[in-house]
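Q: Modelling step: build the complete structure from the supplied sequences, incorporating the hints.
Each chain, letter by letter, is given below.
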Amino acid sequence: MLFYAFAGAAVIGSLLVVTQKNPVYSVLALIASFFGLSGLYVLLEAPFVAVVQIIIYAGAIMVLFLFVVMLLNVPREDAAEWDRAHPLYRPMAVRIGGALALLLALELAWALSRTAGLGGGVADQHPAVSSVAELGRVLFTDYMFAFEVTSILILIAMVGAVILAKKKEE
Amino acid sequence: MAEIIAWVTSPMFIAYATLVGVVFMALQISAAVMVYAERKVAAFMQQRLGPTRVGPQGLLQPIADIVKLFFKEELRPKAADAFLFSLAPIISVTTAFLAFAPVPFGAATTFFGLLPEPMALMIADVNVAVLVIFAVASMGVYGIVLAGWASNSKYSLLGGLRSSAQMISYELAYGMSLATIVMFAGSMSLREIVDLQQGYWLGFIPKWYIFIQPVAFFVFACAGIAETNRAPFDFPEAEQELVAGYHTEYSSMRFAMFFMAEYINMVTVSAVAVNLFMGGWHGPFIPVEYGWIWFLIKLAFLLFCYLWLRWTLPRFRYDQLMSFGWKVLLPLATVNLLLTAAGVLYFGL
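Residue numbers (this note's numbering), protein chains in the order written: chain A, 1140 to 1309; chain B, 425 to 773.
Be aware that a few hints might be false.
What the hints assert, rightly or not - Here are the simulated DSS-like cross-link-like pairs (lysine-lysine), alpha carbons at most 27 Å apart as the crow flies:
1) A/LYS1160 <-> B/LYS492
2) A/LYS1160 <-> B/LYS751
3) B/LYS496 <-> B/LYS631
4) A/LYS1305 <-> B/LYS751
5) A/LYS1306 <-> B/LYS751
6) B/LYS502 <-> B/LYS464
7) B/LYS492 <-> B/LYS502
8) B/LYS631 <-> B/LYS751
9) B/LYS464 <-> B/LYS492
Hint data in this document are derived by calculation from the structure and do not stem from the laboratory.
A: In structure tokens form, the structure reads like this:
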């Protein structure tokens, strides 16, 4: 029951992200969708992941998204105007988009056909995710390499952003 | 159906439902009390009398204020985004209430044997309570940003942007100080953290984390004040520059919702500080069943400090605020975190 409520929130939120004309509403719909996802994590007995999802995605990343959207003052998307401006690109975009959507649907069908036999929450299969201490231990032992590489990647991105944002000295 | 009725009428369910109602009402009333306290303390510090006319000692002043706010006209700028303009105060006040949910305020009690099993005096006993509070606090910024943007007014927008920049900057230091305590206590549950602070050193110094982690407390206090947008970090509503900041265009109850959110956030930050650093409901002379009395005393003291600071310190300049947050508070919190980690590892605390 709760699963359908959260899953519904996530799906409707995601749909609103692409169908909204005003980019600010799209950002808000994405946040709502993240809340749905976070609820699903709670149902999977992974409260830590759920809270981290909110802190990082909804609390930090989306605030920056909202900032950028507001500061750039992106105008409402006007489909008719867009069509007039690029008469040639539209059919191509539709074709590529259609192909990608089909690919995604096939992948989903394939994934669903393989998970049919699985059951139970994540916690049943991997007890690690449900406890913070276990999660930390696993991250710093089994997944040490991936964890450190990711942190270096983020550090590089951060340094790069600082260099790009820095004004050139005259 | 029968099970549902049995469950709903069980003493524990009624007790918890009552608790939720009591906390909800108490938070609303605390906002009213804080308005009165704010006026009286301000008056005391400026050698004035403050409100005296409504009720004895002006005690009914908050009620007069609330009635006034109810009957004021609700205004909305023509160019405002109608939906987001009404959503923003709702987000603010909801996150303010929500943040208090995982905060415990007393030891488990049976209410003199009224209940079959002891009930924890908190609404949601989550094992990652510290993180939940942090997550909900980081949601509060949306109310302010959206209010600033949806009002379609330059003062509101500037106030909203300043506030979100400030909250994002101070959230890092806030999180670091929380992480220090979590690491030191080895638990993310506020209830367990409070219980770890029982007892005394040398027989008289209470085992409060404020004495072992004064740096973490300092960082938490600064970041907490900045998160709640209070002086000396009250940029979002710097009157001289921004009229009233993000709520310039709001009036009547929508304005009151922002105001209430601000006061409830103060209460929540103070309550979290009491739990993390000042031993929660533990204290001398009062038996632990009545620990909530100690909790309220400590809470009141911290809230008074809020007001005291507001009327003592002048407001920072915006660039000072940013450089203080990024260049002083964050490195301080990080070094403290690393030292604590080394200490916990070395001494196996």
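Q: Taking the hints in turn, state whether each one holds.
A: Right, here's what the structure says about each hint:
Annotation: proposed proximity of A/LYS1160 to B/LYS492 is violated, straight-line Cα distance about 39 Å (limit 27 Å). For the hint linking A/LYS1160 to B/LYS751, the alpha-carbon distance of about 40 Å lies beyond 27 Å, and the restraint is violated. For a cut-off of 27 Å, the pair hint linking B/LYS496 to B/LYS631 is broken: about 50 Å separates their Cα positions. Taking the CA atoms of A/LYS1305 and B/LYS751, the gap is about 17 Å. The hint holds against a cut of 27 Å.
About 19 Å separates the Cα atoms of A/LYS1306 and B/LYS751, which keeps this hinted pair within 27 Å; it holds. A hinted pair counts as satisfied when its Cα atoms are at most 27 Å apart, and B/LYS502 with B/LYS464 does not qualify at roughly 38 Å. Among the hinted pairs, B/LYS492 with B/LYS502 is consistent with the structure: their alpha-carbon atoms are about 24 Å apart, no more than 27 Å. Restraint check for B/LYS631 and B/LYS751: not satisfied, since their Cα atoms lie roughly 31 Å apart, outside the 27 Å limit.
At most 27 Å may separate the alpha-carbon atoms for a hinted pair to count; B/LYS464 and B/LYS492 meet this at roughly 19 Å.
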